[in-house]
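Chains W and R are the protein sequences, given in the same order. First residue of the first sequence? That's -1 in the numbering used here, and the numbers climb one at a time after it. First residue of the second sequence? That's 3 in the numbering used here, and the numbers climb one at a time after it.
Some hints here could point you the wrong way.
[Said to hold, decoys possible] Okay, the calculated beta carbon distance ranges per label pair: (1) R:134 with W:177: 39 to 49 Å; (2) R:135 with W:74: 50 to 60 Å; (3) R:296 with W:201: 24 to 34 Å.
[Claimed, not checked] Here are a few chain R residues that sit away from chain W, every Cβ distance over 12 Å (derived from the structure): (4) 128; (5) 137; (6) 179; (7) 195; (8) 299.
Hints are computed from structural coordinates only; laboratory data are not their basis. Given the structure is predicted, the values throughout are model-derived calculations rather than measurements. Positions of the beta carbon are idealized from the N, C-alpha and C atoms, including for glycine.
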Amino acid sequence: MAQLFTRTASNAFRVLIVLTLFSVVGAGVLGYAWSRADATWNVGKPADQPVPFRHDLHAGSLGIDCRYCHSTVERAADAGMPSAQTCMTCHSQVWVGASVLEPVRSSFALGQPLTWTSVHRLPDFAYFNHAAHVTNGVACETCHGRVDQMTKTVKTQTLSMGWCLDCHRDPAPHLRPREAVFVMGYKPHGQDLPEDIQAFYREASRRLTSCNTCHR
Amino acid sequence: MASDVQALTSPVAEVPLSPRFGWAWWVALVISGVLVLLLGYTLMSVVLVGVGVWGVNIPFVWGFDLINYAWWIGIANGASLFAASLVLRQHDLRTAVNRFAEGVAFFAVICAGIFPIFHLGRPWLFYWVFPYPATFQVWPQFRSTLTWDFWAISTHAIVTSLLWYVGLIPDLATLRDRARRKTVKKIYGLFALGWRGSVYQWAYHQRAYRLVAILVLPLILIMQSTVAFEFAVTLVPDWHETRQPLHFVATGLAQGLSIVLLVAVMLRWGLRLERYIDDRDVDLLGKLVLASALVSGYLYIDEIASAFLADPITRQSTLTRMTGDYAGFYWAAIAYSVVIPQLFWLKVARQSVLAGVFVGFSIGVGVWLDRFSIIIGGLQTDYLPSIWRDYTPTIPEWGLFLGTVGLFAALVLLFIRFLPVVSMFETRHDEHLEKS
């Protein structure tokens, strides 16, 4: 009786078994890498904005404080986006005729809010409070990066839950003294936080990692 | 291989290779196919609408889904425990029943696995119960019964399918050699993995088969206990008992054996396999079913006795199961799974096809009623009187249950159509021993 399968077919079958095993492992590795890649989380990807606003110019060169535009950051969950009135405090005097500022002027004239596109959007099931972070020593820069150097505003961190937990599990090394919260490019010198505050935060990580701290 | 030995098992091999299979098989397949469609429909309704289509609500958060899960996993456990012990003991009965006992176990695992996944409410996120390195950096809650279900079912699926497939390999090779059409030869040949029947291969095969069978024994006991612990670890007074694993293992074994018996008598009658599943095999199986029913009976007595020895709240909740709104389920469970099998004290009944089907079916029904009584009746009087209410399954829940029965039947029908229902190589082996 002739052989049912040729030698080539048998060998191909063996190769296929090995390849299947490899591809299972490979799919796992690929999935691991993909789920952590910056592109997956839109890191470094600017969004379309109504006005080509430049943080590097306003916060960087001109040195305007973050809170000038994001005025509720110390008091509310939402940092707050500037209304046309805020822009017009300066732009009624400077760059008055610039065509790129047309949406700001019409927004001001019509009383319609500017529709900024959110770059750092958390899912609805995650509760985030800016005030709770900013008033407890988490700097703007820690999560938003060097905004003062950005021509177009982009995410510098994934904002994944694992990233949140990295800090919530041990906040002390990431915290700054109150006067350094709004500083960009801050370099900590030595132990900034007193030992008792560090000890407090080590204790607090238990409370900071319970589910209903962020999922309410 | 001598031709007379080959001729011995040829009727078994001819079954899957025959070009026609009769209208009865087609009718049965169409009926079960319709039920599988019903299963698909009810599952889609859960996915698209949500678990609100079920009648579950506080306190009955585990309604039909867990009843049926516990029931199917019981069949899987009983059947594979039985099959594995026969392999290890090299008992005569294995030639007759092992193949479909293993098959039944595997199909029951598939049916069981559907329920916990859809019971999650968001079934597409089922992989969250698996401890993989997620970007949210949180492990699954290992104290949660959901993760236990995951381990129980996946272990079960792997081990029972291995036991079944490893046992099939030499027989697939026989089918490959006996098939007349080239494509059929190739399909069986592919799954036979190049089996030549050399002494080396036999030695490896025996080792592998017994190794998997040994794996089954502790795993089945652990897995069935896991199902029981899912109830025992809760604070529900009627569930929070150490006797729970024993109850589930024993009644599960009776149930598994009864389904094996049911399939055995039906196959023997339907495919004329009296020579391979002989009178002695059926008789022995009947005795085993009787013995396991007696153990179930003992555990019911234990349940009543331990209720009277327990604290007042546990006593009250167990008594509610026996006398409350769902008392009918409790007593019917005892009647079906303990009293009716007593028929098998008579040799006539053990030998009869009709009695075999009747008893096999009745234990299956009885254990289902027992699971209903535990899961629904057990919650009747919880600690909070404000949540004492009744449970009524909705039509989608019934559809889901009937759908899994259809899926099971369809898998069994396809199995008997395309695979040898009796282990041919084991039959040849035993026949050899007898001759020499």
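Consistency of the hints with the structure:
1. R:134 with W:177: 39 to 49 Å: holds, 43 Å
2. R:135 with W:74: 50 to 60 Å: violated, 35 Å
3. R:296 with W:201: 24 to 34 Å: violated, 59 Å
4. 128: Fine: 16 Å to the nearest Cβ keeps residue 128 (chain R) off the interface.
5. 137: Residue 137 (chain R) is in fact no farther than 12 Å from some Cβ atom of chain W, at 5 Å.
6. 179: The claim is violated: residue 179 (chain R) sits with its nearest Cβ about 9 Å from chain W, within 12 Å.
7. 195: Contrary to the label, residue 195 (chain R) does not stay out of reach of chain W, its closest Cβ about 9 Å off (not over 12 Å).
8. 299: holds, 46 Å
In the structure shown, a violation is registered for the earlier hints numbered 2, 3, 5, 6, 7, in ascending order.
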